[in-house]
Amino acid sequence: MSPDILLRIGGATVDTIYMVAVAGLIGSLIGGPIGIFLATSGKGELFPAPTLNRVVGLIVNATRSTPFIILVVAIIPFTRLLTGTSIGTKAAIVPLTIATIPFVARLVEAAIREIDKGLIEAARAMGATPMQIVFKVLLAEARPALTLALTMTAVSLIGYSAMVGAVGGGGLGDLGIRYGYQRFMPDVMLVVVIVLVVLVQLVQSAGDGLARRFDKKNRKT
Amino acid sequence: MSVSSQNATPPADAAVVFDGVSKHFPASGQSGAFTALDKVALTVDRGSITGIIGRSGAGKSTLIRLVNGLEKPSGGKVLVDGVDVGGLDEAALRTLRRSVGMIFQHFNLLSSRTVFGNVALPLEISGMDKRAIEQRVRPLLDLVGLADKHGRYPAELSGGQKQRIGIARALATEPKLLLSDEATSALDPETTQSILELLKRINAELGLTVLLITHEMEVVKAVTSDVAVIDHGRIVERGHTFDVFTHPKHETTRALLSGLPGSKLPDAVARALKPQPAAGDRAVVRLTFFGAAAEKPLISQLIKSVGAEVNIIAGTIDEIGGAPYGSLVVAYGADAETSGRAERFFVENGLVTEVLGYVA
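Listed in order, the protein sequences are those of chains D and U. The working numbering puts the last residue of the first sequence at 221; the count rises by one with no breaks. The working numbering puts the last residue of the second sequence at 360; the count rises by one with no breaks.
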């Protein structure tokens with residue numbers, strides 16, 4: 001493999017990490033609150049708004065059930081509006097973020113719904129406001145589950161980011177398709193796959209470790 | 001606004017007043033409409049430990065949740081320190097809740113917080129600063145005997161220790177009233193006793209009113225000064241614990257009392273029991289004695305007075321709300337003469353008796 005290719009692989013890895021990081025961050029910042037809302041706005045819950053809950057749930061489902069590759073193409077006008085282009089790393093971040101939002105929302109919702117209702121009742125009995133319950137009880141108690149949810153999001157994003165390569169998105173997927181596939185360089189393809197596997201492994205074990213550290217419930221002493 | 005400033009005409013010694021309180025749950029989903037409480041009237045005296053006992057589904061959980069507004073009454077009023085809880089808005093309700101502690105059957109501690117953090121939570125919620133919290137939490141952990149565990153997590157503690165943390169947490173905001181929702185039901189008998197001792201101590205030392213709900217007569221017997229028996233959403237009997245235990249009037253009370261150790265007949269006797277005497281049968285009688293009567297040599301006097309054989313079948317000496325109490329089941333001839341002498345003796349000595357039946 002030429003040094004030129006190695007350099008490209010390095011650059012593509014950085015691009016992938018950049019896309020995953022930015023899309024993951026923005027997606028979680030938007031998807032997280034939506035997830036909290038979904039978990040707390042049912043009938044008789046902290047912020048009862050059953051109708052809005054159903055509407056938001058429907059939108060989330062619709063976005064989640066759209067195949068990612070179709071989403072990428074479908075929102076090209078929006079991508080262009082935001083970034084001025086429809087190809088490259090910067091443009092790829094837009095559909096990645098859009099896909100992350102509902103994904104994170106559902107995972108956060110599930111993590112919060114896992115929490116024992118007795119804790120919410122105890123906090124209410126202490127005179128906590130709904131917001132205090134969200135921050136001091138729900139998010140604090142769900143921290144291990146939320147960590148795993150974000151880990152899962154990052155791993156999925158690495159996969160999705162490779163997919164945007166198919167439409168000129170930049171990053172490792174892009175490199176694998178253009179060099180490994182279109183230029184018949186199986187060794188490049190192999191390296192790309194190995195780098196992706198290593199990235200996923202790193203993210204997963206970091207997330208698992210962090211979640212274990214946060215988990216005070218199933219402690220081994 | 002402070003809760004006490006709203007006092008209109010607070011009954012001088014009442015911490016909580018249930019004034020014709022009803023609670024209906026409308027039909028929803030597969031469950032039909034349901035009346036949990038039906039015109040409940042009850043007063044919880046300030047400084048008392050008042051127990052509400054009933055079987056599961058009798059409405060006691062709903063009743064205790066009305067006190068801190070976790071449930072709203074469908075009818076009637078719940079007054080806490082003279083304030084109508086049902087009439088408070090959310091903000092006023094939160095203020096009230098900070099002056100009412102609550103402990104739970106399943107403790108409801110945050111697994112992500114240490115022992116210290118759990119006790120500190122209600123103080124953080126009320127906006128107290130860190131140093132003041134530290135000063136408040138330490139003595140509370142001492143009080144419940146867990147000062148050495150302050151950095152531990154709930155998962156590392158036993159059930160009894162978790163409930164002690166629950167109690168410390170409930171006391172953190174220095175409430176005047178403590179609500180206990182089946183607080184010992186998930187604990188073994190020994191741990192239950194130690195938690196009840198702690199509640200008694202808190203009641204005595206801090207002058208805290210305790211309102212507890214339970215389905216265990218043991219709990220009522222051990223700590224309460226007053227008790228109300230609830231059945232199908234109605235209070236069927238209430239009074240001083242000692243009186244209710246020694247003179248139960250309602251059948252639900254009797255049924256709940258029959259579960260207490262020492263109150264059951266031996267199986268062989270219970271099976272042989274007949275409602276009507278035949279010639280030569282013996283009467284089985286339960287004697288209940290307390291106060292001065294407990295001090296007398298009753299048995300030997302009874303045998304002398306009756307002038308016939310007296311068998312002791314079952315017996316227990318116990319304490320109810322701190323007062324000595326004895327229950328003795330004896331058998332003697334059911335003929336008119338013997339019975340007549342026995343009855344005279346019981347009347348003379350002020351004993352409460354109940355003829356349970358007759359055996360051959």
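Any given hint might turn out to be false.
Claimed, not checked - Cβ-Cβ distance ranges computed for the label pairs, FRET-style:
1) D/D116 - U/A27: 52 to 58 Å
2) D/V198 - U/D129: 46 to 52 Å
3) U/K200 - D/A21: 56 to 62 Å
4) D/G168 - U/S28: 49 to 55 Å
5) D/K117 - U/A33: 21 to 27 Å
6) U/D142 - D/V198: 48 to 54 Å
7) U/A27 - D/M152: 36 to 42 Å
Said to hold, decoys possible - Chain D side only, calculated, beta carbon under 7 Å to chain U, not exhaustive:
8) P3
9) D4
10) I5
11) G84
12) G88
13) G118
14) L119
15) P130
16) Q132
17) A145
18) K216
19) K217
Bear in mind the hints are in silico, worked out from the structure with no lab data behind them. Glycine included, C-beta positions come from ideal geometry on N, C-alpha and C.
For each hint, the structure was consulted:
With their beta carbons about 27 Å apart, D/D116 and U/A27 fall outside the hinted range of 52 to 58 Å. Distance hint check: the CB atoms of D/V198 and U/D129 are about 48 Å apart, consistent with the given range 46 to 52 Å. For U/K200 and D/A21, the hinted distance range of 56 to 62 Å is satisfied, since their beta carbons lie about 58 Å from each other. Between D/G168 and U/S28 the CB atoms are about 54 Å apart, so this pair conforms to the stated range of 49 to 55 Å.
Distance hint for D/K117 and U/A33: a CB-CB separation of about 23 Å, consistent with the stated range 21 to 27 Å. U/D142 and D/V198 have their C-beta atoms about 53 Å apart, which keeps the hinted 48 to 54 Å range intact. Between U/A27 and D/M152 the CB atoms are about 40 Å apart, so this pair conforms to the stated range of 36 to 42 Å. Restraint check, D/P3 versus chain U: the minimum CB separation of about 50 Å is more than 7 Å; hint violated.
Hint status for D/D4: violated, given a least beta-carbon distance of 51 Å to chain U, over 7 Å. The interface hint given for D/I5 is violated, since its Cβ lies 48 Å from the closest Cβ of chain U, which is over the 7 Å cut-off. Taking 7 Å as the C-beta cut-off, the interface hint given for D/G84 is violated, the closest approach to chain U being about 44 Å. Residue-level restraint check for D/G88 is violated (minimum Cβ-Cβ distance to chain U is 42 Å; threshold 7 Å).
Interface restraint check: D/G118 against chain U, minimum CB-CB distance 4 Å, threshold 7 Å, status holds. At about 5 Å, the closest approach between the beta carbon of D/L119 and any beta carbon in chain U falls short of 7 Å, and the interface hint on this residue holds. The closest approach between the C-beta of D/P130 and any C-beta of chain U is roughly 9 Å, which is over the 7 Å cut-off, so the hint fails. For D/Q132, the suggested interface contact is upheld, since its CB lies about 5 Å from the closest CB of chain U, less than 7 Å.
Contact between D/A145 and chain U, as hinted, is not supported at the beta carbon level, the nearest pair being about 11 Å apart and thus beyond 7 Å. Contact between D/K216 and chain U, as hinted, is supported at the beta carbon level, the nearest pair being about 4 Å apart and thus within 7 Å. Of the supplied interface hints, the one on D/K217 holds, with its beta-carbon coming within about 4 Å of a beta-carbon of chain U, less than 7 Å.
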